[in-house]
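Undergrad: Please take these sequences and the hints and turn them into a complete structure.
2 protein chains.
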Amino acid sequence: MSFDRLIAKIIETKNPTVVGLDPKLEYVPNFIKKKCFEKYGQTLKAAAKAVFKFNKMIIDEICDIVPAIKPQAAYYEMYGYQGVKTLEKTIRYAQAKGMFVITDGKRNDIGATMEAYTAAHLGSVKVGNSEYQPFGSDALTVNGYLGTDGISPLLEACKEKDKGIFVLVKTSNKSSGELQDKLIGDTPVYAVMGDMCESWGSELIGKYGYSLVGAVVGATYPEQLNELRKRLPHTIFLVPGYGAQGGGAKGIAGAFDENGLGAIVNSSRAIMCAYKNEENCPEEDFAKAARREALRMKEDITSYIEFK
Amino acid sequence: MSFDRLIAKIIETKNPTVVGLDPKLEYVPNFIKKKCFEKYGQTLKAAAKAVFKFNKMIIDEICDIVPAIKPQAAYYEMYGYQGVKTLEKTIRYAQAKGMFVITDGKRNDIGATMEAYTAAHLGSVKVGNSEYQPFGSDALTVNGYLGTDGISPLLEACKEKDKGIFVLVKTSNKSSGELQDKLIGDTPVYAVMGDMCESWGSELIGKYGYSLVGAVVGATYPEQLNELRKRLPHTIFLVPGYGAQGGGAKGIAGAFDENGLGAIVNSSRAIMCAYKNEENCPEEDFAKAARREALRMKEDITSYIEFK
Numbered sequence: 002m003s004f005d006r007l008i009a010k011i012i013e014t015k016n017p018t019v020v021g022l023d024p025k026l027e028y029v030p031n032f033i034k035k036k037c038f039e040k041y042g043q044t045l046k047a048a049a050k051a052v053f054k055f056n057k058m059i060i061d062e063i064c065d066i067v068p069a070i071k072p073q074a075a076y077y078e079m080y081g082y083q084g085v086k087t088l089e090k091t092i093r094y095a096q097a098k099g100m101f102v103i104t105d106g107k108r109n110d111i112g113a114t115m116e117a118y119t120a121a122h123l124g125s126v127k128v129g130n131s132e133y134q135p136f137g138s139d140a141l142t143v144n145g146y147l148g149t150d151g152i153s154p155l156l157e158a159c160k161e162k163d164k165g166i167f168v169l170v171k172t173s174n175k176s177s178g179e180l181q182d183k184l185i186g187d188t189p190v191y192a193v194m195g196d197m198c199e200s201w202g203s204e205l206i207g208k209y210g211y212s213l214v215g216a217v218v219g220a221t222y223p224e225q226l227n228e229l230r231k232r233l234p235h236t237i238f239l240v241p242g243y244g245a246q247g248g249g250a251k252g253i254a255g256a257f258d259e260n261g262l263g264a265i266v267n268s269s270r271a272i273m274c275a276y277k278n279e280e281n282c283p284e285e286d287f288a289k290a291a292r293r294e295a296l297r298m299k300e301d302i303t304s305y306i307e308f309k
Numbered sequence: 002m003s004f005d006r007l008i009a010k011i012i013e014t015k016n017p018t019v020v021g022l023d024p025k026l027e028y029v030p031n032f033i034k035k036k037c038f039e040k041y042g043q044t045l046k047a048a049a050k051a052v053f054k055f056n057k058m059i060i061d062e063i064c065d066i067v068p069a070i071k072p073q074a075a076y077y078e079m080y081g082y083q084g085v086k087t088l089e090k091t092i093r094y095a096q097a098k099g100m101f102v103i104t105d106g107k108r109n110d111i112g113a114t115m116e117a118y119t120a121a122h123l124g125s126v127k128v129g130n131s132e133y134q135p136f137g138s139d140a141l142t143v144n145g146y147l148g149t150d151g152i153s154p155l156l157e158a159c160k161e162k163d164k165g166i167f168v169l170v171k172t173s174n175k176s177s178g179e180l181q182d183k184l185i186g187d188t189p190v191y192a193v194m195g196d197m198c199e200s201w202g203s204e205l206i207g208k209y210g211y212s213l214v215g216a217v218v219g220a221t222y223p224e225q226l227n228e229l230r231k232r233l234p235h236t237i238f239l240v241p242g243y244g245a246q247g248g249g250a251k252g253i254a255g256a257f258d259e260n261g262l263g264a265i266v267n268s269s270r271a272i273m274c275a276y277k278n279e280e281n282c283p284e285e286d287f288a289k290a291a292r293r294e295a296l297r298m299k300e301d302i303t304s305y306i307e308f309k
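Chains as they are written, first to last, in my numbering: chain U, 2 to 309; chain P, 2 to 309.
Any given hint could turn out to be false.
A pair holds if it fits inside one copy or across any two, identical chains being indistinguishable in the list.
[As the list claims (entries may be wrong)] Under the rule of at most 20 Å between Cα atoms (straight-line distance), these lysine to any residue pairs were calculated in the SDA-like manner:
| id | residue 1 | residue 2 |
| --- | --- | --- |
| 1 | K40 | N130 |
| 2 | K54 | M197 |
| 3 | K35 | S304 |
| 4 | K46 | E132 |
| 5 | K175 | M58 |
| 6 | K289 | A158 |
| 7 | K15 | A254 |
| 8 | K277 | R293 |
| 9 | K160 | I185 |
| 10 | K160 | R6 |
| 11 | K231 | Y305 |
| 12 | K15 | Q96 |
| 13 | K127 | E199 |
| 14 | K46 | K127 |
| 15 | K10 | K54 |
| 16 | K127 | F38 |
| 17 | K15 | E62 |
| 18 | K25 | I12 |
| 19 | K46 | G129 |
| 20 | K183 | D150 |
| 21 | K183 | M197 |
| 22 | K160 | N227 |
| 23 | K25 | Q134 |
| 24 | K299 | A254 |
| 25 | K277 | M58 |
| 26 | K25 | E132 |
What the hints contain is simulated information worked out from the structure, not anything from laboratory work.
As the structure is a computational prediction, the values presented were derived from the model and not from experiment.
TA: Following this line, the structure appears as structure tokens:
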């Protein structure tokens with residue numbers, strides 16, 4: 002129940018990180034694009050096929066050392082329904098390789114509509130007498146601006162199907178403070194949202210002490226990471242903003258509890274584009290470069306925390 | 002520029018309403034489902050095809066009297082990538098029939114990712130030397146929890162391509178107040194967000210006095226509708242929650258300015274399911290029933306406002 006499956010994978014791999022698959026076409030090596038363009042022309046279908054090939058080769062290289070991937074929905078929607086098909090295929094491929102999948106969709110709506118998003122991304126849908134899991138991801142990022150009735154449909158489904166959500170609390174971007182840092186009484190908006198996460202998850206706590214309601218807290222705000230770790234003892238953190246966005250491993254250490262658990266740190270571009278950043282790395286070796294960067298990140302992050 | 006195209010359509014049809022296309026399969030009449038199941042089995046593909054047929058027949062019946070449709074992304078994602086294909090087809094079909102399309106996706110993310118969402122839903126994407134508009138909608142609902150840098154990529158594209166966004170300000174659901182009504186100093190969160198909309202749109206005002214940054218304000222909160230109309234003079238409102246959710250036409254009147262402009266009111270279920278609510282309406286006439294309900298709604302809403 003809750004994030005137990007994810008935490009077990011983190012313990013097994015001794016790696017509290019997740020690889021973000023946000024595959025802009027410009028990140029995909031030319032040898033892959035060329036093949037797809039030859040076969041399908043310069044079309045959205047070709048782009049979607051190239052992205053899937055790219056993802057698949059990265060997943061093959063990292064699935065034994067990284068517990069999870071986080072595909073960002075925007076980068077798939079960008080290639081139309083064909084791109085969305087690649088999102089679905091990527092989720093299933095990673096799961097078949099034993100990985101935990103967090104769909105980064107930041108979905109939000111009123112209750113009835115959240116039921117539809119829940120069915121789409123985490124649950125199942127009936128067509129006549131048949132039942133399907135359209136995307137079948139393991140977790141979904143969501144935005145809690147609408148309050149409890151936009152979250153509760155997710156809780157039911159997560160409980161039943163052993164899945165989880167991450168609610169945006171303090172995001173990694175520069176202007177996150179415009180609303181999130183504003184004070185409600187003495188409490189910043191992000192902490193009010195964090196308290197809601199604790200409350201939503203309070204009856205849904207798994208064996209490692211964390212509930213199925215996690216929170217997104219940016220690596221770029223180490224002070225808030227520390228503060229929120231103490232304030233939200235049952236809320237696991239998804240921490241974006243490491244690397245490319247400027248968050249350092251030392252600052253992230255405060256996201257973890259005394260057992261080295263309670264957080265998973267994301268890196269996207271630095272891993273997908275590792276082959277561009279390495280000196281003299283042939284593009285054919287992009288997935289191996291991704292693995293090297295994933296290992297480097299693991300070392301970097303874990304050098305500041307202690308697994309017990 | 003901005004919402005001029007939408008407002009011109011509202012004036013032309015004398016109808017400040019939008020039909021929400023949130024097509025659960027259970028809303029689709031059996032004669033449509035039966036055909037699709039016979040052809041494609043009880044599959045997601047069949048569901049997606051049935052939904053498109055349903056949408057198409059409603060659009061055919063309402064396109065001369067209603068200015069816009071608002072497909073809700075969740076109900077398409079619910080049928081996997083096939084459902085998302087139906088979203089794309091629905092957008093293009095409605096536009097070909099002269100309608101303005103608001104994709105209700107409530108998307109939100111950091112800047113770089115919002116660029117991808119912008120390209121997906123409102124803008125265009127390059128594949129090699131070819132350029133595509135993946136969904137090509139006219140407007141998108143978004144969530145402003147991340148602040149300015151999650152909104153600015155949209156502004157550029159909207160300005161360039163004559164499109165608009167609606168930012169969640171005060172949502173129609175019961176628990177919207179949990180965060181949105183909390184006070185920051187003397188100002189509720191929804192008004193802080195509303196002020197941000199005014200500010201984001203301040204240099205992007207069209208010929209009717211409204212900017213390309215609109216706001217979502219629920220019909221279920223008439224007091225806030227009134228207050229926000231005065232507070233946000235350049236922000237057009239998308240008003241959900243009429244009918245099924247309990248918002249009445251009288252309460253909504255405060256969303257409009259002295260010229261009868263400044264707002265567009267949504268109804269989804271009551272229109273899609275009108276044939277179920279009418280006495281003795283054969284399901285084959287579902288689209289005609291939708292038209293009758295759309296006309297009834299128009300009369301109801303406009304009886305409280307005056308077009309000048």
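Undergrad: Which earlier hints turn out false for this structure, listed by number in ascending order?
TA: When the structure is compared with the hints, numbers 2, 3, 5, 6, 9, 13, 15, 18 and 22 turn out to be violated.
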